[in-house]
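Each protein sequence line maps, in turn, to chains A and B.
Reminder that position 72 of the first sequence reads as 72 in our numbering, one-by-one numbering, no gaps.
Reminder that position 44 of the second sequence reads as 44 in our numbering, one-by-one numbering, no gaps.
Since the hints were made in silico from the structure, they are not lab data.
Hints should not be assumed to be uniformly reliable.
[To be verified] Between beta-carbon pairs, the in silico distance windows are:
{"#": "1", "chain 1": "B", "residue 1": "Lys116", "chain 2": "A", "residue 2": "Ala95", "range": "56 to 62 Å"}
{"#": "2", "chain 1": "A", "residue 1": "Gly33", "chain 2": "B", "residue 2": "Ser11", "range": "37 to 43 Å"}
{"#": "3", "chain 1": "A", "residue 1": "Leu113", "chain 2": "B", "residue 2": "Gly55", "range": "55 to 61 Å"}
{"#": "4", "chain 1": "A", "residue 1": "Asp109", "chain 2": "B", "residue 2": "Phe219", "range": "32 to 38 Å"}
{"#": "5", "chain 1": "A", "residue 1": "Pro194", "chain 2": "B", "residue 2": "Gly158", "range": "50 to 56 Å"}
{"#": "6", "chain 1": "B", "residue 1": "Glu141", "chain 2": "A", "residue 2": "Arg167", "range": "34 to 40 Å"}
{"#": "7", "chain 1": "B", "residue 1": "Phe329", "chain 2": "A", "residue 2": "Gly33", "range": "49 to 55 Å"}
{"#": "8", "chain 1": "B", "residue 1": "Lys116", "chain 2": "A", "residue 2": "Val43", "range": "38 to 44 Å"}
{"#": "9", "chain 1": "A", "residue 1": "Pro194", "chain 2": "B", "residue 2": "Asp353", "range": "54 to 60 Å"}
{"#": "10", "chain 1": "A", "residue 1": "Pro194", "chain 2": "B", "residue 2": "Val67", "range": "50 to 56 Å"}
{"#": "11", "chain 1": "B", "residue 1": "Ser11", "chain 2": "A", "residue 2": "Thr75", "range": "30 to 36 Å"}
{"#": "12", "chain 1": "B", "residue 1": "Asp315", "chain 2": "A", "residue 2": "Val64", "range": "45 to 51 Å"}
{"#": "13", "chain 1": "B", "residue 1": "Thr363", "chain 2": "A", "residue 2": "Arg167", "range": "43 to 49 Å"}
{"#": "14", "chain 1": "A", "residue 1": "Asp109", "chain 2": "B", "residue 2": "Lys116", "range": "26 to 32 Å"}
[As the list claims (entries may be wrong)] Here are some, though not all, of the chain A residues that point toward chain B, as calculated from beta-carbon distances under 8 Å:
{"#": "15", "residue": "Ser45"}
{"#": "16", "residue": "Ala47"}
{"#": "17", "residue": "Pro124"}
{"#": "18", "residue": "Lys128"}
{"#": "19", "residue": "Glu188"}
All C-beta atoms in this analysis are idealised placements derived from N, C-alpha and C, irrespective of residue type, glycine included.
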Amino acid sequence: MMGTSIQTNGAWDPAGWQPLLEAKQGSRSQNLGPFARTLSVVVGSAALAAGLRLRSPLRWALVVAGAFGLRRGVTGHCALYEKLGASSYEHPPHASVHESVTIAHPRADVERLWALQAPGLLGPLYGKDVRVHFADAPGGQGTEITLMATVPVRSGAELLFGVLRGRTPAGQLHDVLRRFKARIEAGEVPALAPPVPTDKAGGRFLA
Amino acid sequence: MKALTWQGSHSVRVEQVPDPGLVNPRDAIVRVTAASICGSDLHLYDGYVPTMKAGDVIGHEFMGEVVDVGPEVKNLKPGDRVVVPSTIACGRCDYCRRELWSLCDNSNPNAAQQEKLYGFATSGIYGYSHLFGGYAGCFAEYVRVPFADVGPVPVPAGIPDERLLFLSDAFPTGYMAADQCGLRPGDVVAVWGCGAVGQFAIWGALSLGASRVIAIDRFPERLRIAAEQGAETIDYQKFDVVDVLKELTGGRGPDACIDAVGMESHGTSLYGRYEQAKHALHLATDRAHVLRQAIMACRKGGVVSIMGVYAGFIDKFPLGAAFNKGLTFKMGQMHGQRYARLLRERVLNKEVDPSFVVTHRMTLDEGPQAFPLFRDKGDACMRVVLRP
Numbered sequence: 001m002m003g004t005s006i007q008t009n010g011a012w013d014p015a016g017w018q019p020l021l022e023a024k025q026g027s028r029s030q031n032l033g034p035f036a037r038t039l040s041v042v043v044g045s046a047a048l049a050a051g052l053r054l055r056s057p058l059r060w061a062l063v064v065a066g067a068f069g070l071r072r073g074v075t076g077h078c079a080l081y082e083k084l085g086a087s088s089y090e091h092p093p094h095a096s097v098h099e100s101v102t103i104a105h106p107r108a109d110v111e112r113l114w115a116l117q118a119p120g121l122l123g124p125l126y127g128k129d130v131r132v133h134f135a136d137a138p139g140g141q142g143t144e145i146t147l148m149a150t151v152p153v154r155s156g157a158e159l160l161f162g163v164l165r166g167r168t169p170a171g172q173l174h175d176v177l178r179r180f181k182a183r184i185e186a187g188e189v190p191a192l193a194p195p196v197p198t199d200k201a202g203g204r205f206l207a
Numbered sequence: 001m002k003a004l005t006w007q008g009s010h011s012v013r014v015e016q017v018p019d020p021g022l023v024n025p026r027d028a029i030v031r032v033t034a035a036s037i038c039g040s041d042l043h044l045y046d047g048y049v050p051t052m053k054a055g056d057v058i059g060h061e062f063m064g065e066v067v068d069v070g071p072e073v074k075n076l077k078p079g080d081r082v083v084v085p086s087t088i089a090c091g092r093c094d095y096c097r098r099e100l101w102s103l104c105d106n107s108n109p110n111a112a113q114q115e116k117l118y119g120f121a122t123s124g125i126y127g128y129s130h131l132f133g134g135y136a137g138c139f140a141e142y143v144r145v146p147f148a149d150v151g152p153v154p155v156p157a158g159i160p161d162e163r164l165l166f167l168s169d170a171f172p173t174g175y176m177a178a179d180q181c182g183l184r185p186g187d188v189v190a191v192w193g194c195g196a197v198g199q200f201a202i203w204g205a206l207s208l209g210a211s212r213v214i215a216i217d218r219f220p221e222r223l224r225i226a227a228e229q230g231a232e233t234i235d236y237q238k239f240d241v242v243d244v245l246k247e248l249t250g251g252r253g254p255d256a257c258i259d260a261v262g263m264e265s266h267g268t269s270l271y272g273r274y275e276q277a278k279h280a281l282h283l284a285t286d287r288a289h290v291l292r293q294a295i296m297a298c299r300k301g302g303v304v305s306i307m308g309v310y311a312g313f314i315d316k317f318p319l320g321a322a323f324n325k326g327l328t329f330k331m332g333q334m335h336g337q338r339y340a341r342l343l344r345e346r347v348l349n350k351e352v353d354p355s356f357v358v359t360h361r362m363t364l365d366e367g368p369q370a371f372p373l374f375r376d377k378g379d380a381c382m383r384v385v386l387r388p
């Protein structure tokens, strides 16, 4: 069962469910690694607490130093490091997100229709690091189609926010595939109201 | 138009809502002539089904007249009389091709929501929560019918609505309950629940070759109707059901056990009260008293067929008994498009008149009174037919 891949950008990695690309971007302001951040938070908090309790001229010096250390740890940014061009921060890893569906049509049809419809279905995702892979499904069940995207690893808070909004990278890819499958198989996408423009597809995680 | 809307647990109200319109090319609009409150509507009414929103139009069992069709609907035209299966299916995906219509891949607009809860999405259902698509239901003057080229079943004029209406849901559901038992001649079938689905399961089991059907309920009128169909009956308030079923089957147990009750089984024992308390405390969503009984009563190597609806989670499921007895489980929302045409022919041939389950006829405006009447089995209510 051979598969073929068509890329919208970047290279297809057949091995791949590990991150495909090296980090291409990092935070412009973050230049502290996790250890330095943790240390800053702990020492800064202690200095702040001690300063607030102290009844001596040293009080405000400790409060300011503590607040500075706390801020340094929380933001991950150190102005001194920046001046020195130093950094203990490693660029965040990117993760590979992949979603698959099986479409009850021959592979040649599915590949041809994907080529035609991908721009509209992907909307703002088109041209980004989204790759597609086709393979024959066993038992004459049609075609397995897999979409794969490389996305930066988000913070826990961002991920939680996305899950609560129902907008995760995997969910966005699956939504694209679900709509494509419905168009190919049923001739229309199930809806409760007239369809929204396809350029509304995607979203902040992948766009 | 006028429609009966869900407002919260134990609250439905008649309201003015926007008329439906064609959304997709395979849509039709049907003017409802008759609809029925199904037992599974009670799960919505009682607040057991998640993802309902105040103002949702409910109801999924209906028939009527086509008034408009989309450009891709070539087999129907305005004026056609149709019965509409409650499950919505595209007719072209792998599941539909295998006649597993209620598992359709392409008819649930809220598929992502259901995938989170069930792993995969199933078909849409009219008026049956946003988990099942969020489609407006049939307790209304008009209904939008998606995939109208494969769903609605044309029926001839001159036959009363009530004889045809249950082709929409209850009749295929009961028949499927029996069909998926894989009955062999001579098999004994036990049916829990003698509401409309249970009655049609009894009819289905007998028509598919069961030598005996044993019906279990507590309402005398329902047991009487089951007996009139040819079933032996057990009032579960008076007997230990598992013991009696063993006795009635020479110690073997029924070959197939049909759960036509689902997640609101009312066990009147102390254990039943315990289940109600768990639900009230949100410790469980479904009450599986009947299902546990069916598993314990079923013969070794037998089939447990579940057509009463379950939505969420149960506890104390006797999996050890099911596993070690080698039971087979068959279940699911009914595949209406598979059975409705077959059963339509049985009705048109006068082999069966499904209207025997109708006990009450009311208007759509009387819907708020019909629900508690049906839920509490007041006035021996078994089925209410609502007309707009």
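Satisfaction of the hinted span 50 to 56 Å by the C-beta atoms belonging to A/Pro194 and B/Gly158: This hint is violated: roughly 38 Å between Cβ atoms.
Check the following: the C-beta atoms of B/Lys116 and A/Ala95 are separated by a distance inside 56 to 62 Å. For A/Ala95 against B/Lys116, whose Cβ atoms are near 20 Å apart, the range 56 to 62 Å is violated.
Hint check for A/Thr75 and B/Ser11 - Cβ pair distance inside 30 to 36 Å: About 51 Å separates the Cβ atoms of B/Ser11 and A/Thr75, which means 30 to 36 Å is violated.
Classify the hint on A/Glu188 as holds or violated, based on whether any CB of chain B lies nearer than 8 Å to its CB. holds, 4 Å
Identify whether the interface hint at A/Ser45 stands, where standing means a beta carbon of chain B within less than 8 Å of its own. violated, 39 Å
Holds or violated: 34 to 40 Å for the Cβ distance of B/Glu141 and A/Arg167? Holds, at about 37 Å.
For the hint 43 to 49 Å, verify it against the beta carbon of B/Thr363 and that of A/Arg167. Roughly 44 Å apart at Cβ, these two residues keep to the hinted range, so it holds.
Falls inside 54 to 60 Å, the C-beta gap from A/Pro194 to B/Asp353? violated, 42 Å
State, for the Cβ atoms of B/Asp315 and A/Val64, whether the hinted interval 45 to 51 Å holds or is violated. violated, 58 Å
Do A/Pro194 and B/Val67 keep their Cβ atoms within the hinted range of 50 to 56 Å? violated, 19 Å
Evaluate the given range 38 to 44 Å for the C-beta pair formed by B/Lys116 and A/Val43. This hint holds: roughly 43 Å between Cβ atoms.
At the C-beta level, are A/Leu113 and B/Gly55 separated by a distance inside 55 to 61 Å? At 38 Å between Cβs, range violated.
Comparing the model with each numbered hint stated earlier shows that hints 1, 2, 3, 4, 5, 9, 10, 11, 12, 15, 16, 17 and 18 do not hold.
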